[in-house]
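Colleague: Residue numbers (the working numbering), protein chains in the order written: chain A, 1 to 355; chain B, 356 to 580; chain C, 581 to 648.
Just so you know, the hints here were simulated from the structure itself, not pulled from any lab data. Any given hint could turn out to be false.
Taking lysine-lysine and the PhoX-like style, the derived pairs with C-alpha atoms no more than 20 angstroms apart in a straight line are [as the list claims (entries may be wrong)]: (1) A:Lys346 x C:Lys641; (2) C:Lys642 x A:Lys351; (3) C:Lys641 x A:Lys351.
Covered by chain A, per the in silico footprint, the following chain B stretches (three or more residues, Cβ under 8 angstroms) [claimed, not checked]: (4) 501-514; (5) 553-565.
For each residue, glycine too, the CB sits at the ideal point set by N, CA and C.
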Amino acid sequence: MIEILKKTWWKYVTVLILLYVLIGGLLVPLAPGIASIYPINFASDTAVEFTFTGYNTHFQDAKDLQIWFKNGTEFYCADKTETITNEKAKVTFSFPFRNTQKLIGTNFDLVINDNQDGTIHLGDAVTVLPHQPADSTTDSSALKPSCEHAASITKLSHFTFPYREILYQSIRNTFYHVPMWFAMMLILIFSTVYSIRYLNKGNIEDDIIASQAVNVALMFGALGLTTGMFWATYTWGKPWPNDPKLNGAAVGVIIYLAYIVLRGSLTDEIKRAKISAVYNVFAIVIFTLFIFIIPRLTDSLHPGNGGNPAFSKYDMDSHLRLFFYPAVIGWCMLGFWVLSIGVRIKLLELKKSSK
Amino acid sequence: MLFNTTISLFKKDLLIEFRNKYVIGGIALYVLSSVMVIFFSLNYNESLKELSPVIWGILFWLIILFSSINAIANGFFREPEGRAYYYYYLTSPQAIILSKLLYNFIFTILLISLAFMVFSVMIGDPVSNVPLFFATALLGGTGYSFLFTLMGAIASRAGNNATLVAVLGFPIIIPLLIFITKLTAASIGNSEFTNEAFKNMALLGAFDVMQLMLAYVLFPYIWRD
Amino acid sequence: MSKIIPFIISLFLSISAAAQGEQTSSNLMRSNLKIYVVVGVLLIIFAGIIVYLLALDSRLKKLEDNSN
Numbered sequence: 001m002i003e004i005l006k007k008t009w010w011k012y013v014t015v016l017i018l019l020y021v022l023i024g025g026l027l028v029p030l031a032p033g034i035a036s037i038y039p040i041n042f043a044s045d046t047a048v049e050f051t052f053t054g055y056n057t058h059f060q061d062a063k064d065l066q067i068w069f070k071n072g073t074e075f076y077c078a079d080k081t082e083t084i085t086n087e088k089a090k091v092t093f094s095f096p097f098r099n100t101q102k103l104i105g106t107n108f109d110l111v112i113n114d115n116q117d118g119t120i121h122l123g124d125a126v127t128v129l130p131h132q133p134a135d136s137t138t139d140s141s142a143l144k145p146s147c148e149h150a151a152s153i154t155k156l157s158h159f160t161f162p163y164r165e166i167l168y169q170s171i172r173n174t175f176y177h178v179p180m181w182f183a184m185m186l187i188l189i190f191s192t193v194y195s196i197r198y199l200n201k202g203n204i205e206d207d208i209i210a211s212q213a214v215n216v217a218l219m220f221g222a223l224g225l226t227t228g229m230f231w232a233t234y235t236w237g238k239p240w241p242n243d244p245k246l247n248g249a250a251v252g253v254i255i256y257l258a259y260i261v262l263r264g265s266l267t268d269e270i271k272r273a274k275i276s277a278v279y280n281v282f283a284i285v286i287f288t289l290f291i292f293i294i295p296r297l298t299d300s301l302h303p304g305n306g307g308n309p310a311f312s313k314y315d316m317d318s319h320l321r322l323f324f325y326p327a328v329i330g331w332c333m334l335g336f337w338v339l340s341i342g343v344r345i346k347l348l349e350l351k352k353s354s355k
Numbered sequence: 356m357l358f359n360t361t362i363s364l365f366k367k368d369l370l371i372e373f374r375n376k377y378v379i380g381g382i383a384l385y386v387l388s389s390v391m392v393i394f395f396s397l398n399y400n401e402s403l404k405e406l407s408p409v410i411w412g413i414l415f416w417l418i419i420l421f422s423s424i425n426a427i428a429n430g431f432f433r434e435p436e437g438r439a440y441y442y443y444y445l446t447s448p449q450a451i452i453l454s455k456l457l458y459n460f461i462f463t464i465l466l467i468s469l470a471f472m473v474f475s476v477m478i479g480d481p482v483s484n485v486p487l488f489f490a491t492a493l494l495g496g497t498g499y500s501f502l503f504t505l506m507g508a509i510a511s512r513a514g515n516n517a518t519l520v521a522v523l524g525f526p527i528i529i530p531l532l533i534f535i536t537k538l539t540a541a542s543i544g545n546s547e548f549t550n551e552a553f554k555n556m557a558l559l560g561a562f563d564v565m566q567l568m569l570a571y572v573l574f575p576y577i578w579r580d
Numbered sequence: 581m582s583k584i585i586p587f588i589i590s591l592f593l594s595i596s597a598a599a600q601g602e603q604t605s606s607n608l609m610r611s612n613l614k615i616y617v618v619v620g621v622l623l624i625i626f627a628g629i630i631v632y633l634l635a636l637d638s639r640l641k642k643l644e645d646n647s648n
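Make a model of the complete structure from these sequences and hints.
Modeller: Pasting the structure below:
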């Protein structure tokens, strides 16, 4: 293993992969989306003119611009649409009292479809308020509960990352924050393998690799926690939302900080190697059990929440994957690079002290 | 063979314990005085009456946590290093760890019953589902004692540092503590066994079995010098 | 190793302190569809790796000093 760690070629590969992830992940534009709508609520039995702004959209250039409000499975057509610029449009929408009284208090999604932007939508865009009782006489049957929509749903042709409310551009952190966790876990497992090897063979080099791996894993753990806290502050509203994944990562960091303390309190080299290897094996088993069970007990804000730790179809689209998997591999390889430097320094120290 | 040595080593531990009665007395006093601390701090803040069941469970298990860590960690520190070599020639490490696990398990169960008695007298006994609470105490006590036995063994190798047991043990006890306090809250809330209670018990049991296996496999490496 | 851990912890604390002073920087962070959050995350990762490398560097330096 040390021979592989000393080789240079895979470090160039690491640099290439990380450059691809950094440049591609930052330069690919976001998909078109609806940025805002005004007003956000309206009374029933009135005709309202909504103004909405899009992001990266082509309302004027595009053909077949269609706009609907959607409630549940039912689509409601707008009376009149008017595009102002590529990213601004107005839509007039009337809401008769009689046949849709049950919709008061519910939210409507806004769905837009055209041949350049594809189908974009803004969830819970507007809320229906109870109408003022004075003039409930106007009964327009213009609003049909459903209208033609299924035929013309188009798929976006450009290469983009999905536009998500709350996340917006910070969806790119998928390539920089999330792989920290993967790298930490992979390097911890690597460390445990070398601890077991040490217990079986008693070769001190294995212990050096295992302990350096824990150091690197702790670096990734600390980075994952800090970047996660930073990201969460601006998306979920606070740095430490009570989230099982976050708590699991924090527990993991503390468990392995205890490993460092344990090593520090042992002075005899052989004894230190042996005892810390035992603790390392014990720790990885309990830690893995912990992070597999705890997220199933409560809901999580993280993708694949409420039981499934994997990324669901909705959270990871194919464009994200094209950068996400290389990102995981690249950051892990960077971890092994840093690890190899630490191991080699330790081996030099060992060689000197034994001279 | 293994069974017989385990039992005789267990008897030896018991004998040592009875010779130094002050150790048992000290632990009992530890439990008593920590319950007193909780009682008085609750009582003079007028919150003893409205103590919620969940908080009751958490306080109870925290007291067990601190007193068992004291009792069990000391178990490995009490015997001088020289005698370890004597056992090393005499028996297998498996017998030693099994006897220690058994001894610490019984000790922790006694500790839990003592703490429960003191708790029910001074702070109150809200438990409505006694069998579930009993099962929780059994499984939780197993988990506590197994974990701290192994951590005590590790720490005894690292220069008998009592703080080290807490540093190593507390992060690992967190998953156990979550299940234990969940089960305790369930045994207070209603008198039926819910599906979730069974699930949590199974998970707690899985943790215990895992710890037992790890202790059995890993202890020989600690023991051999 | 004994030098890396305090570094990591101090980094951790400084970032969490920065996160608490959110009021002042929140406008920047929320502007331009939160692109600066990505910049911040990349800076944190960069800083973390640099700190780790500095710690390794100091250990190597000690080794070199001893050999001369």
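Colleague: Does each hint fit the structure? Answer for all of them.
Modeller: Consistency of the hints with the structure:
| no. | hint | result |
| --- | --- | --- |
| 1 | A:Lys346 x C:Lys641 | holds (12 angstroms) |
| 2 | C:Lys642 x A:Lys351 | holds (14 angstroms) |
| 3 | C:Lys641 x A:Lys351 | holds (16 angstroms) |
| 4 | 501-514 | holds (count 5) |
| 5 | 553-565 | holds (count 4) |
Violated hints for the displayed structure: none, as all numbered hints are satisfied.
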